[in-house]
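Protein chains in written order, with our numbering: chain A, 1 to 272; chain B, 1 to 96.
Simulated from the structure, these hints should not be mistaken for lab results.
Everything numeric in this text was worked out from a predicted model, so none of it was measured.
Errors might be hidden in some of the hints.
[To be verified] Covered by chain A, per the in silico footprint, the following chain B stretches (three or more residues, Cβ under 8 Å):
(1) 18-25
(2) 37-46
(3) 53-67
[What the hints assert, rightly or not] In silico BS3-like cross-links for lysine-lysine, where the CA-CA straight-line distance does not exceed 30 Å:
(4) A:Lys12 with A:Lys189
(5) A:Lys77 with A:Lys189
(6) B:Lys47 with A:Lys4
(7) A:Lys68 with A:Lys4
(8) B:Lys85 with A:Lys12
(9) B:Lys85 with B:Lys47
We treat Cβ as the ideally placed atom computed from N, Cα and C, and that holds for glycine.
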Amino acid sequence: MTGKTIVITSGKGGVGKTTATANIGAALAMRRHRVVVIDTDIGLRNLDVIMGLENRIVYDLVNVIEGKCRVRQAMIKDKHGLELYLIPAAQTRDKDSIEPSQLRELCAALEQEYDYILIDCPAGIEQGFRNATTAAQEAVIVTTPEVAAIRDADRVIGLLEASGLHRPRLVINRIDADLVRRGDMMGQKDVESLLAIELIGLVPADERTVSAANRGVPVVHDARSAAGAAYIRIAARMDGEEVPLNEITPRPGMFHKLRDLVGIKGRAYSHA
Amino acid sequence: MRELLRWLFGLSGKNRQSSSEIARQRLRLVLIQDRIELSPEKMEQMKQEILEVVSRYMVVEDDFIEFEVRRLEELIMLVSNIEVKDVSALMSAPAR
Ligand SMILES: Nc1ncnc2c1ncn2[C@@H]1O[C@H](COP(=O)(O)OP(=O)(O)OP(=O)(O)O)[C@@H](O)[C@H]1O
Ligand SMILES: [Mg+2]
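Make the full structure from the sequences, and use the hints.
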């Protein structure tokens, strides 16, 4: 069996990489794949708390790389009975305690046994970014529809391209359909044409993501969450399934205008 | 009432630019500069020089319709479009 390693990266911090990693990882595992998610944000580990596994950590990524434990010992199994494992980042070390080639070696070994290895990349374009991206065969760029996030995403696309990681795919996170319709947020088409890479998903801004993070249960497990549904669709697309992307366009339909006019609060998101 | 109707039918969009439109335009410029690592002054200078050269051969609009650095997979392309105002010069130009 040969799996593939996909890095989730963004350039700018706080746009939703860790949330995306946890949820896409869980959604792929729900599709009966064997999945490993690796937190490479050394010193600022987060993926464990998003997945609710922070109390089970014994060994971490740096321990594995330094040969202090076997890979299996550092892999924490997900709580929901899925074939999903987390390798947590070290909290008390810094980013240059591992080398790109070491992480690549680890992923190459995992690819023999698992279908997907997802790497949660730290923000920025320094050592941590190089570690994470060198280890991967594919990349997913997460951005929000904001000027600063898109600019950083573009830089990252250029850097990936230069290092031979071609055709990264794009997730646009925290889209607010009402703001897009009002003309106060760039829509899917705008972001897509600016960055000119393939779109693999649109994730609506959804406060359920925040409560899910509080609980330590990824939002894909919340059947009523629009963001959760979006991650499930992203996982399906990664898996090669054709799932249409629902557009969020700025041109308001008559219904929305009337609805806004009389102040009816409909569902704020559209599923994409 | 007229205001209301106009708003309902989306005719009022012309006079005020939406913030998303402003964001898009700012990004277009910023991305050009980031992609080719050219300062805004150098960029402006290049545009002027290209217009100058083209104007020597045909009558064109004094600004670009489109001037953008685009990425197409591993290629970076400079895409520029200029409107030709007077084609008579082109038509009468001797064919080579
Ligand atoms: N679709 C969404 N709707 C609402 N909130 C979201 C959404 N996606 C992410 N968030 C929230 O945004 C915050 C940042 O998310 P996250 O930690 O995943 O970003 P990150 O890119 O990993 O950040 P960092 O660069 O610091 O590692 C979190 O509080 C998260 O709950
Ligand atoms: Mg993170």
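A quick look at each hint next to the structure:
no. : hint                  : in the structure
1   : 18-25                 : holds (count 6)
2   : 37-46                 : violated (count 0)
3   : 53-67                 : violated (count 0)
4   : A:Lys12 with A:Lys189 : holds (21 Å)
5   : A:Lys77 with A:Lys189 : violated (39 Å)
6   : B:Lys47 with A:Lys4   : violated (45 Å)
7   : A:Lys68 with A:Lys4   : holds (25 Å)
8   : B:Lys85 with A:Lys12  : violated (44 Å)
9   : B:Lys85 with B:Lys47  : holds (18 Å)
Hints 2, 3, 5, 6 and 8, counting from the list given before, are not met by this structure.
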